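Make a model of the complete structure from these sequences and hints.
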Amino acid sequence: MKKHAITLTVNGEERDLIVPSNRTLLDALRDDLGYTDTKYGCGTGECGACTVLVDGKTSINGCLTLAATMDGKSITTAAGLARDGNLHPVQQAFIDNDAIQCGFCTPGMVLKAVSILDENPNPTEEEIRHGLEGSICRCTGYTKIVDAVQDASNRLSGVGE
Amino acid sequence: MTSRVMRDFDLLLPESVAQAITLLATHKDKAAVLAGGTDLLVALKFDYDIDNVVSLALVPGLDVLEFDSERGLAIGAKVTIADLLKSSDVKEYYPALWQSAKVFATPQLRNTATVIGNILRASPAGDCSLAIYALGGILTLENATGRREVDLDDFWISYGVTARKDDELTISLQVPAPATGQKSAFRRMTRVTEDLSKLNAAVCLQMDGDECTGARVAMGCVGPTLIRLPKVENMLAGSVVTPELLQEISDTVASEINPIDDIRSSAEYRLKVAGVLVKRVIKLALNEGNDQ
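Top to bottom, those sequences are chains A and B.
For the first sequence, our numbering assigns the number 1 to the initial residue and increments by one for each residue that follows.
For the second sequence, our numbering assigns the number 1 to the initial residue and increments by one for each residue that follows.
Certain hints may be false.
Derived lysine-lysine pairs resembling DSBU-like cross-links, with alpha carbons at most 30 angstroms apart [unchecked claim]:
#, chain 1, residue 1, chain 2, residue 2
1, A, K73, B, K183
2, A, K73, B, K283
3, B, K183, B, K272
4, A, K2, B, K165
5, B, K45, A, K2
6, A, K2, A, K73
7, A, K57, B, K91
8, B, K283, B, K86
9, A, K3, B, K28
10, B, K45, B, K183
11, A, K3, B, K30
12, A, K57, A, K73
13, B, K165, B, K183
14, B, K30, A, K2
15, B, K231, B, K91
16, B, K283, B, K183
17, A, K57, B, K102
18, B, K102, A, K144
19, B, K165, B, K28
20, B, K30, A, K73
Hints listed in this document are in silico derivations from the structure and should not be mistaken for laboratory results.
Note that the structure is a prediction, hence the values are computed from the model and not measured.
Spelled out as C-alpha cells, the structure:
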C-alpha cells in the first residue's frame with residue numbers, strides 16, 4: 001500500500017507524518033499524533049465523536065476523511081480551543097451548564113457548537129438543535145447541551161456582562 | 001459484525017482532470033473516485049474492495065457553483081451540499097434543491113459530501129439527487145476519448161448502477177435555468193432527522209397563473225432507483241391545481257410506485273402515505289404549505 005508524507009497543522013502546531021493510503025484523519029490524530037481528545041465512536045460518520053474543525057470553522061468527521069487528502073490543512077481539535085490557559089467560552093459554558101456526563105461526545109459537541117456560533121452568533125434553539133444534528137449523546141439528552149450553546153452565544157456576544 | 005478497519009488500497013492524488021482521467025483509463029474497474037468520501041469510505045470499511053482510490057482533492061476547477069439566468073446552475077464535481085446552502089441563487093431559483101440540502105444528513109456530512117457524489121451513488125433514497133431529478137439536469141462525463149453529456153433521466157440504471165463508465169470522470173452537472181413561473185419543492189419523511197429518508201418527494205411545476213403547464217414529479221424509496229410519476233405529471237399538465245385535483249393525484253400515486261419492506265419502513269405504510277406526501281409537496285411548491 002502506498003504511503004504519503006503529509007504535513008498537518010494541528011491546533012496551531014505543524015506536524016509532519018507518513019501515513020498509509022487507508023489511514024483516516026481520526027486514526028492519524030489519535031494514534032500517530034496523540035490527540036486523543038478526538039474520539040472514535042461509530043466509524044461511519046453518524047455519531048460525531050470524531051468531529052474536528054478544518055480551518056477553524058468547518059466541522060467534518062475524522063473517521064470519514066483520509067489523512068493523506070488533508071496535506072497542508074489546518075485542523076482544530078477540542079484541545080486546541082483553549083487560549084493562554086483559559087478555556088474557550090463554549091467549553092466554559094459546557095462546564096457551567098453541566099452539559100457533560102460521560103464526556104465521550106463532548107469534544108465533538110464543543111467543536112460543533114463553535115462552528116454553529118461561527119456561522120450564526122445568535123442562533124435560536126431550533127437552529128442550535130439543527131446544528132447539533134450529527135453529534136449524538138447517549139448518556140442523558142440534549143437539553144443541557146442546547147442550554148450551554150445558548151449560554152456560550154450570550155457570552156460571546158457580550159450579553160449579561 | 002465488522003471491524004470497521006479500512007481495506008488496503010493505493011490512494012492516488014492526481015493534480016489535474018487530465019491526470020485523473022489517465023489514471024481511470026489505466027485502472028478502469030480497479031479504481032474508485034473519491035470526492036467527499038462519505039459513501040466510499042463507509043463502503044471501504046464494510047464489503048467494498050477496490051485496489052485504487054483516485055482522490056480529487058488536488059484537482060483544481062471542480063468546485064465551481066455558478067448560476068446564470070440563461071444557462072442555469074453549474075455544479076462541479078467537488079461542490080458540497082453545504083456549498084449549496086451558502087448560495088442565495090440556489091435558495092431563490094431552486095427551492096427544491098435548497099430544501100433537500102437543508103435536511104441532508106448532518107452538518108459534518110453536508111460539509112464533506114458532494115452533490116454529484118450523491119447522484120453517482122444511485123441510491124433510491126437520495127435527497128439532493130431527488131430534488132435535482134425533479135428540476136432536471138445534464139451530467140458531463142469525460143474519459144480519454146472525450147466528453148459526453150448524459151441526461152439525468154437516462155442516468156440511473158438500477159440500484160447503485162449508473163450510465164457512467166469505469167474510465168469516466170464526472171466533471172459537472174448543469175441544472176436548467178428556471179423559466180418564469182417555475183415552482184419547486186422537496187419533502188421527505190424520516191423517523192429522526194439523521195436517518196435516510198423512508199420516503200421522499202420532489203416536484204417542479206411550470207405555472208402560468210393558476211394553470212400548471214408542465215410538471216416533473218419524482219419520488220424516492222419506492223423502487224430500485226429514484227422514479228418519476230408520469231401519471232401524476234400528466235394529471236398536473238394543463239390543469240388548474242384545485243383541492244379536488246390534489247385529492248385525485250393523491251389517490252393515484254400508489255398505482256405508480258413499488259415500495260418494499262426494509263429497515264426504515266414497510267411497503268404497506270409507504271403505499272398509504274406516499275399520496276399524502278406528493279399532495280403536500282405540490283402544495284409546498286405552490287407556497288400553500290409550510291416551509292420546513
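Taking the hints in turn, this is what the structure says about them:
1. A threshold of 30 angstroms between alpha carbons decides the hint, and for A/K73 with B/K183 the separation of about 40 angstroms lies outside it, so the pair is violated.
2. Distance restraint check for A/K73 and B/K283: the Cα-Cα separation of roughly 45 angstroms exceeds the 30 angstroms cut-off, and the hinted pair is therefore not satisfied.
3. Of the pairs offered as hints, the one joining B/K183 and B/K272 holds, with about 26 angstroms between alpha carbons and a cut-off of 30 angstroms not exceeded.
4. About 26 angstroms separates the Cα atoms of A/K2 and B/K165, which keeps this hinted pair within 30 angstroms; it holds.
5. A C-alpha spacing of about 18 angstroms is found between B/K45 and A/K2, which places the hinted pair at or below 30 angstroms, so the restraint holds.
6. For the hint pairing A/K2 with A/K73, the CA-to-CA distance comes to about 20 angstroms; that is within 30 angstroms, so the pair holds.
7. With a C-alpha separation of about 23 angstroms, the suggested pairing of A/K57 with B/K91 holds against the 30 angstroms cut-off.
8. Between B/K283 and B/K86 the alpha-carbon distance is near 25 angstroms, which keeps this suggested pair within the 30 angstroms criterion.
9. Restraint check: the Cα-Cα separation between A/K3 and B/K28 comes to about 22 angstroms, which is no more than 30 angstroms; the hinted pair holds.
10. Of the pairs offered as hints, the one joining B/K45 and B/K183 is violated, with about 41 angstroms between alpha carbons and a cut-off of 30 angstroms exceeded.
11. For a cut-off of 30 angstroms, the pair hint linking A/K3 to B/K30 stands: about 19 angstroms separates their Cα positions.
12. For the proposed pair A/K57 and A/K73, the alpha carbon gap of about 12 angstroms is at most 30 angstroms, so the pair holds.
13. Using a Cα cut-off of 30 angstroms, the hinted pair B/K165 and B/K183 is violated, with the two alpha carbons roughly 34 angstroms apart.
14. About 15 angstroms separates the Cα atoms of B/K30 and A/K2, which keeps this hinted pair within 30 angstroms; it holds.
15. Between B/K231 and B/K91, the direct Cα distance comes to roughly 29 angstroms. Compliance with the 30 angstroms bound is thereby established for this hinted pair.
16. Straight-line distance between C-alpha atoms of B/K283 and B/K183 comes to about 10 angstroms, which keeps the hinted pair within the 30 angstroms bound.
17. The straight-line distance between the Cα atoms of A/K57 and B/K102 is roughly 18 angstroms, inside the 30 angstroms bound, and the hint therefore holds.
18. Restraint check for B/K102 and A/K144: satisfied, since their Cα atoms lie roughly 25 angstroms apart, inside the 30 angstroms limit.
19. Simply put, B/K165 and B/K28 have alpha-carbon atoms about 9 angstroms apart, close enough for the 30 angstroms limit, and the pair holds.
20. Distance hint between B/K30 and A/K73 is fulfilled; the C-alpha atoms sit about 29 angstroms from each other, no more than 30 angstroms.
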